[in-house]
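Kindly produce the complete structure, drawing on both the sequences and the hints.
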Amino acid sequence: MVSYVGVLLSGIAMGIANIIPGISGGTVLVILKVYEKFVTALSSFHLKGKGFIFAPEAWKFLIVLGIGALIGVFGFAPVMAFLLTRFELFTYLFLIGILLSSLLFVLKSLTTTHKAEVLWVGVGILAFSLVFWASSRVAPYAQTGGGNTLRLFLGGLVGAIFMVLPGISGSMMLIVLGLYEDILFAINHHEPLSIVVIGLGVIAGILISAKVIRYCLNRFRNQTYFFVVGLMLASLVPLWKVNSSHTATDIALGFGFLVLGFLLGYPLSKTSPAKQIENTHLTS
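Each number in this note's numbering comes from the position in the sequence shown (counting from 1) with 6 added on.
Hint data in this document are derived by calculation from the structure and do not stem from the laboratory. It cannot be assumed that every hint is accurate.
Unchecked claim - Pair by pair, the computed Cβ-Cβ distance ranges are:
1. 265 x 94: 28 to 36 Å
2. 239 x 194: 29 to 37 Å
3. 224 x 94: 39 to 47 Å
4. 92 x 218: 37 to 45 Å
5. 84 x 265: 23 to 31 Å
6. 122 x 12: 28 to 36 Å
7. 248 x 226: 15 to 23 Å
Claimed, not checked - Only pairs whose alpha carbons sit at most 25 Å apart, straight line, appear in this in silico PhoX-like list of lysine-lysine:
8. 66 x 43
9. 114 x 43
10. 217 x 39
11. 114 x 217
12. 43 x 217
13. 66 x 217
14. 217 x 247
15. 39 x 114
Note that the Cβ used here is the ideal one computed from N, Cα and C, for glycine as well.
The structure is reproduced here in structure tokens:
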């Protein structure tokens, strides 16, 4: 019997994690021991007629988890908007520290390695570079007076895809792609149409990624995680905000926050998602 109070609380924790760049919602679900149920539920959908359906138990689980996630996201979004506005340098260096500790989490998921598999790190770096370049071609949402819904849809899509994969933060990817503040702007300004667009992107991302990621982790585990390592390494570059305008004191304090971020994220790296992923049995 599933404890739906526990599922709701897990959803809230996942929502908060997804709004904090560097913290993976998938990682949090692994730690809370509901990741297997999460992936199984997502992967239970199948086409029927002109629509799609989930297994009955999956519907209940996903609705309760989703409600919790919404509570976490809307409750914590104003906090992140404040930190990025008032303490940009310290916040970004803190996030770099968390990202570095998350890298350990991903590396721990690797089993035996072959030299050819390491090449997927380069593929990940190239893929990130292409997506980053493409996202920079589209004007930020706030600068267009709320008219560019493509960025919001893309943000929901990207965030959802990386939410399913433990070890890498969807919100961190949104930041490095320049989409994170667009999402926060729409949420904090309570724009219903924009939130619907984000939601559609999230739904599309989940439906596209759930079975694909599960298949890749089952059949090409090391290649998939090396690809993720490439994404994470490449994402360090746009997160680096130190420049000549910062004083030596600012930089020193910033590096203190980097170390703090690493130390806070390090306990997560001790938990490998490998066992839960291997034991996840999907239904179709």
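| Taking 15 to 23 Å as the hint, is the beta-carbon distance of residue 248 and residue 226 inside that range? | For residue 248 and residue 226 the Cβ distance comes to about 37 Å; the hint is violated.
| 25 Å Cα cutoff - pair residue 217, residue 39 | Holds, because 20 Å separates the two Cα atoms, which is no more than 25 Å.
| task | Starting from the hint 39 to 47 Å, judge whether the C-beta atoms of residue 224 and residue 94 obey it. | result | 40 Å, holds
| task | For the pair we were handed, residue 66 and residue 217, check the Cα-Cα distance against 25 Å. | result | Roughly 19 Å between the alpha carbons, so the hint for residue 66 and residue 217 holds.
| request: Indicate whether the distance between the beta carbons of residue 84 and residue 265 respects the range 23 to 31 Å. | output: The hint (23 to 31 Å, Cβ to Cβ) holds, given that residue 84 and residue 265 are roughly 27 Å apart.
| said: Against the 25 Å threshold, does the CA-CA distance of residue 114 and residue 217 hold or violate the hint? | reply: The given pair, whose Cα atoms are some 23 Å apart, holds under the 25 Å limit.
| query | Can the restraint linking residue 217 and residue 247 be considered satisfied, given a maximum Cα separation of 25 Å? | reply | Answer violated: residue 217 to residue 247 is near 36 Å, above 25 Å.
| query | Quick one, are residue 43 and residue 217 close enough, alpha carbons at most 25 Å? | reply | 14 Å, holds
| query | CA of residue 114 to CA of residue 43, is that 25 Å or under? | reply | At roughly 22 Å apart (the allowed maximum being 25 Å), residue 43 and residue 114 satisfy the hint.
| residue 94 and residue 265 - C-beta distance against the hinted 28 to 36 Å | 18 Å, violated
| For the pair supplied as a hint, residue 39 and residue 114, is the alpha-carbon distance within the 25 Å limit? | Holds, at about 18 Å.
| request: Take the C-alpha atoms of residue 66 and residue 43, compute the straight-line distance between them, and say whether it is at most 25 Å. | output: 12 Å, holds
The structure fails hints 1, 6, 7, 14 (numbered hints given earlier, in ascending order).
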